[in-house]
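Visitor: Kindly generate the complete structure, drawing on both the sequences and the hints.
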Amino acid sequence: MSPVPGRGLAKGLAVTLRTMTRRSVTAQYPDAQPELPPRTRGVIGLFEENCTVCMLCARECPDWCIYIDSHKETVPPAAPGGRERSRNVLDRFAIDFALCMYCGICIEVCPFDALFWSPEFEYAETDIHELTHERDKLREWMWTVPAPPALDPAAEDPKEIAAARKTADKLAAEQAAQAQQAEQAQAGTQAQADDGTQADSPQAPQGPQAEPPQEGDA
Amino acid sequence: MDSTLDVVLRLVAVLVVFLVLPLVVGQTEHKVMAHMQGRLGPMYAGGFHGWAQLVADGVKFAQKEDVVPAAADRRVFQLAPAVALLPYLLVLIAIPVGPHGFVGEAVDAGLFFVLAVMGVGVLGSLMAGWASANKFSLLGGVRTAAQLMAYEVPMLLTAASVAMAAGTVSLPGILDAFHWWWIPWQIVGGLVFFTAGLAELQRPPFDMPVADSEIIFGAYTEYTGLRFALFLLAEYAGIVVLCALTAVLFLGGWHGPMSGSLGWLWTLVKTGLLAFVVIWLRVSYPRLREDQLQKLAWTILIPLSLAQIALTGVVKVVIS
Chain S
1 MSPVPGRGLA KGLAVTLRTM TRRSVTAQYP DAQPELPPRT RGVIGLFEEN CTVCMLCARE
61 CPDWCIYIDS HKETVPPAAP GGRERSRNVL DRFAIDFALC MYCGICIEVC PFDALFWSPE
121 FEYAETDIHE LTHERDKLRE WMWTVPAPPA LDPAAEDPKE IAAARKTADK LAAEQAAQAQ
181 QAEQAQAGTQ AQADDGTQAD SPQAPQGPQA EPPQEGDA
Chain E
1001 MDSTLDVVLR LVAVLVVFLV LPLVVGQTEH KVMAHMQGRL GPMYAGGFHG WAQLVADGVK
1061 FAQKEDVVPA AADRRVFQLA PAVALLPYLL VLIAIPVGPH GFVGEAVDAG LFFVLAVMGV
1121 GVLGSLMAGW ASANKFSLLG GVRTAAQLMA YEVPMLLTAA SVAMAAGTVS LPGILDAFHW
1181 WWIPWQIVGG LVFFTAGLAE LQRPPFDMPV ADSEIIFGAY TEYTGLRFAL FLLAEYAGIV
1241 VLCALTAVLF LGGWHGPMSG SLGWLWTLVK TGLLAFVVIW LRVSYPRLRE DQLQKLAWTI
1301 LIPLSLAQIA LTGVVKVVIS
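Chains as they are written, first to last, in our numbering: chain S, 1 to 218; chain E, 1001 to 1320.
Since the hints were made in silico from the structure, they are not lab data.
Since the model is a prediction, treat every value here as computed from it, not as a measurement.
No false leads were mixed into what you were given.
Capping the alpha-carbon separation at 25 Å, the derived lysine-lysine pairs in DSS-like fashion look like this:
1. K11(S) / K1031(E)
2. K159(S) / K170(S)
3. K11(S) / K1295(E)
4. K1060(E) / K1031(E)
5. K72(S) / K137(S)
Guide: Structure, rendered in structure tokens:
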């Protein structure tokens, strides 16, 4: 096969010898913490201030490992004479990590951004029952959730910024239109005697006024 | 009285070497093998880079229960580890370490003694395999025997080539007759001797008698605790003996710069380098198949060793 007999044997020896001279890739784990990527699925943290007890996470969970208890409280009316409001208050939020299969559906499905992945992974227990972690522990893990990674250089703006910018543009356009209108109104008073411009002056303000709804649709 | 003390001292020194060097080789194997595979190996036992790992292993083995299978041939089964281990201790006595009688006991027919006693070590595996009353053990034992048969021949032939070159079978005598040009002259013999020795020690890539993917652990399948540890120790003692013997026969033993005062160091360095090669080969090569093993011995090593003997004879006649 190989032109020189025994070349393969020498190659094998060379590979192992070269590997020996290189730094080993072993990470001394308990002494040195691993550097985990920010989206690591270590544990699920609960940002309970955002939770509205909508139960979506518990219902979507494929192995039913989320336990939620809540009760309703009535909140006095915001304005005097108004109707009393009711509100869900979270009593218990627990995830059984012995059942959890780390699919992340609860995090995907949460409409209020109350659940997050955290890279924290050191929560082994000696008893399987102790793997059911309650809301205080889940809330603590929120502190280990890293900031969301930066967007790609050429990416679209995040939804929030895009929406805010749209509103700002709209406002600016409205103000500009008003300013223009005011200017033209001034010009109109100056040129009242002129009959030829009468047809133009009502048309001019219509243009900018019609524009904002179009932007909103787009 | 003085001579008695001398003998006792020599024996104690040989015993200490016998207990320390195999462990050093074992620890080196742990670390070298790990680094060749991109790992670190033991790092905790003893604090500094796991230096005490084998001590810890020994303590663990000593704590384990010593089980003898009900159907086993009890006495033979219990005796086998000693038969495997002690020959290497005996061989170590006859290996010269330095010049001017730096040797446990200078045996006149040293080469003969050494090779004969080393062959006994393999009997330990054979006894273990037979006495275990286990098919896998028996297969392992029989494979050991077949391997011994095949590889003892090239080993003896190449050793004979050195004895021819030196004109003596005494190990110190061979070293006294050594010249540097013996190394290129006997290099083929040295390679064959070393390879055959590896096969006799059942070291990878010649470890079919303990091929764990085929026959569990061969002759040692039924062993536990200290007796199993003795078999492992025998393997590492075997590496030390084989490497020392190869160094003495083919690499000039204590010969080297400043051999008058540092001869023993040269023997140790050469032995250590060869032990490194043993580990290196283990890491690099996969296990041969049983028939490939036999083919290698009978169709390659034996012709090569016969050619070496012919070459030795011709050169010997020409220079005399």
